[in-house]
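Student: Whenever a hint applies, use it, and build me the whole structure from the sequences.
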Amino acid sequence: MLEISGAVGIPDEEIEMQPIRAQGAGGQNVNKVSSAIHLRFDIRASSLPDAYKERLLQCRDQRISSDGVIIIKAQQYRSQAMNRADALSRLQELIRTAMVVRKKRRPTRATLGSKKRRLESKSIRGQAKNLRKKVIE
Numbered sequence: 001m002l003e004i005s006g007a008v009g010i011p012d013e014e015i016e017m018q019p020i021r022a023q024g025a026g027g028q029n030v031n032k033v034s035s036a037i038h039l040r041f042d043i044r045a046s047s048l049p050d051a052y053k054e055r056l057l058q059c060r061d062q063r064i065s066s067d068g069v070i071i072i073k074a075q076q077y078r079s080q081a082m083n084r085a086d087a088l089s090r091l092q093e094l095i096r097t098a099m100v101v102r103k104k105r106r107p108t109r110a111t112l113g114s115k116k117r118r119l120e121s122k123s124i125r126g127q128a129k130n131l132r133k134k135v136i137e
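When we follow this note's numbering, the leftmost residue of the sequence shown carries the number 1, and every step to the right adds one.
Watch out, some of these pointers could steer you wrong.
Lysine to aspartate or glutamate pairs mimicking EDC-like chemistry, simulated, CA-CA at most 16 Å apart [stated by the list, open to error]:
1) 53 x 14
2) 73 x 54
3) 73 x 86
4) 53 x 86
5) 73 x 42
6) 53 x 42
7) 73 x 93
8) 73 x 16
9) 53 x 67
Since the hints were made in silico from the structure, they are not lab data. Quantities reported herein were computed from a predicted structural model and do not represent experimental measurements.
Tutor: Take a look at the structure:
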């Protein structure tokens, strides 16, 4: 059981993990051993609460396919067990971050004092540049 929060968890049966061969350099170990993990998690068919499902499906994440399936490929470590743990922790983190509600930004205006300071610094900079010009007699 993968625990997301205190009350929410995902049963192991809903998470499909398949060992695959890792990509990249590594010599004979890469060619012979299936140490990478390909994790698939179907959001729509899961037992997650509806609020979680909606938020996950609205996420603009490249790991979530158009069918509503989360696909994570873990191949950072040489051992299959460590890659399996890495894939599960990445799934857990993805679901947790999807549930964080961002605070709505309230647009603010520049203060009168900040506008005046900006214009004064611009005029001082302009005067310094004018002093560098050639003097015409």
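Student: None of the hints should be skipped; say for each whether it holds.
Tutor: Here is what the structure says about each hint:
1. 53 x 14: holds, 14 Å
2. 73 x 54: violated, 23 Å
3. 73 x 86: holds, 9 Å
4. 53 x 86: violated, 22 Å
5. 73 x 42: With a Cα-Cα distance of about 15 Å, the restraint between residue 73 and residue 42 holds, given a limit of 16 Å.
6. 53 x 42: holds, 10 Å
7. 73 x 93: holds, 14 Å
8. 73 x 16: Status holds; Cα separation ~12 Å.
9. 53 x 67: With a Cα-Cα distance of about 13 Å, the restraint between residue 53 and residue 67 holds, given a limit of 16 Å.
Taken one by one, the earlier hints fail for this structure at numbers 2 and 4, listed in ascending order.
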